[in-house]
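The chain contents come next:
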Amino acid sequence: MKTPFNYLIIPALALMLGACGGMDSMKTASEPEVSEPAKVTPPAASRATTSAVSNLGYINGIRIDRENSPDSIRTVYFEYDSSEVRTEFIPIVAAHAELLASDSSKRVVLEGHADERGSREYNVALGERRAISVRRLLLSSGARDSQIRTISYGEERPAAVGQNENAWSKNRRVKIRYE
Amino acid sequence: MKKHTVILTISATLLLSSLTSLASRLTIEITQGAQGTTSVAVVPFGWQGTQPQPPQDISLIIESNLERSGRFTALERQDMLTRPTSGIGINFRAWKLLNVDYLIVGNIHETAPGEYQVQVQLMNVASEKQLAGFRYPAGRDTFRRLANQISDVIYETLTGERGAFNTRIAYITSTGSQTLAYDLYIADADGHNAQSIVRSAQPLMSPAWSPDGQKLAYVSFEGQRAQIYIQNILTGQRERISAFAGINGAPAWSPDGRRLALTLSHKGNPDIYTFDIEARRFDRLTTSTAIDTEPEWSPDGSHILFTSDRGGKAQLYKIPAFGGRAERMTYEGDYNAGGVYSPDGKYIAIVHGRDQRYRIALLETDTGHLQILTDGSLDESPSFAPNGRILLYATTRAGIGVLSAVSVDGRYQQRLASQDGDVREPAWSPYNQ
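Listed in order, the protein sequences are those of chains G and F.
For the record, in the first sequence the residue sitting at position 70 is 70 according to our numbering, with numbers rising by one throughout.
For the record, in the second sequence the residue sitting at position 22 is 22 according to our numbering, with numbers rising by one throughout.
To be clear, the hints were calculated from the coordinates, so they are not data collected in a lab.
Each residue gets a CB set at the ideal place from its N, CA and C atoms; glycine is no exception.
Among the hints, a few may not be true.
[What the hints assert, rightly or not] Simulated DEER-style distance windows between Cβ atoms: (1) Glu84(G) to Asp212(F): 24 to 34 Å; (2) Glu115(F) to Gly162(G): 33 to 43 Å; (3) Gln130(F) to Gly162(G): 33 to 43 Å; (4) Gly162(G) to Gly133(F): 28 to 38 Å.
[Claimed, not checked] Some chain F residues near chain G, calculated using beta-carbon distances under 8 Å: (5) Glu115; (6) Gln117; (7) Arg225; (8) Asn232; (9) Ala243; (10) Ile247; (11) His266; (12) Thr287; (13) Ile291; (14) Ile319; (15) Val351; (16) Asp355; (17) Leu378; (18) Ser381; (19) Pro386.
[Said to hold, decoys possible] Once the Cα atoms are required to be at most 30 Å apart in a straight line, the calculated DSBU-like pairs of lysine-lysine come out as: (20) Lys106(G) to Lys313(F); (21) Lys267(F) to Lys313(F); (22) Lys96(F) to Lys129(F); (23) Lys170(G) to Lys313(F).
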């Protein structure tokens, strides 16, 4: 009875990934769960089941071949007052672009964020500029315009709390979220 | 100089009516008293009624209002030698000995169950004459509003300027640890009667009062998209006016209330637009490839102030309200953003960044002279009282967002802190109409 067991694992995996989505994605890279997506095609018998199956589609879509694959990292961090994608994040963004290019049904939301310094609406604009930088890079690496939506939360949804560079550096980010 | 904490009492009716109000109650702490103020004595009001106490201590509300303005120092109750309740038979000599300049006396009379008559008189101790005297009807629910109104009358009589006690403030809170809840609150100017008018699991931002004080425009990220709403605060009904792709932000009302200025980025990058509320038409005002945001109308409606990094760093610019050439307004410091006009247009309050500190500064419109007013490092969102005397702004204390107020001469400061969670983006309402 292997199949039902797999069915327990996959929603659990979905939950874990979902939970990771709200956290610092740098951590996601080292978590082993994402490296085990092997059995992803549900057997025909399951097609009659309900919304839980359609939720699985989200997980199934992301093929991760090995632990720490670049596209398992979903947060791009930025320098203070900068929207330039740092060198170390370029291959990561490119890996996401490849994923998008390989499957035109995939969609991402790029969520731009800023640290708390300065005025709030200006920070919304800074966050958007960061999201647009990542978008440009995705487009130049093969993703389609229609696959990408951007939104900026400015400083309104911090990933880390604290009035210091350590927290601020975690908040200057673009989160790549698959829809 | 006088330093003390005023934690204002909350009425029993409010306690019963709303737990959210209780949780988000703001308390006021005067952190820096002013010198050279006028000395007043607000004598506890007399009481004739069936209960041992009147529904509200009106004289205490008046006293803390006057002190909060930064222009008055009130005599402590225990230092009062006599406690007159009307202008008749006052021993003025005793008050002169206490260096009291003005005396406020009054009484409350229960005329029928739940109906009251409040009498108040403002006396000049030196001339021994009455400067103002009124009699008002009051109900249980209108006591606090009446106390604020009386405070306005006294303030205006003594300073020649309109008081702003009977006004409101709007602000945003975020509460919770794992999942945040965002609220848009409206409270009385002293922090009382806080009521959430919007609650969302997604961020709320940038509340802006309509000039008639009846509506608030704000940004909501519900549905994970930025949208601008206008909400009628009396009916609770709201209308979505903008939900383009990208930024829909920074709504600001024109002085005539017919248009909003706002930031949209659906054409590629953030630009300033105006929106004609009746005609439902958007007009684009700026077209730079830089960030243009945080529009603010000049009080005469002739032009719009905004923040732009077209020169490399965030600075303030202004542009004619119906289009034209933008003109740079600020040059000092690394960062000048979020400008708001004083009601008379003589000053612009800004978020001024220098040496990694962000503080509130006042820019004199005519001369360009810049004066730093606050002493935090993450100060933002300045908002003028409708009489222009006090600036409310957001700052942090022990890592938590709190509201602070500073008199525009910088001499007097107070803090409004919530019991829990972050408080930010204060917006002071226009005068009650």
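Structure versus earlier hints - violations, ascending order: 1, 2, 3, 4, 5, 6, 8, 9, 11, 12, 14, 16, 19 and 20
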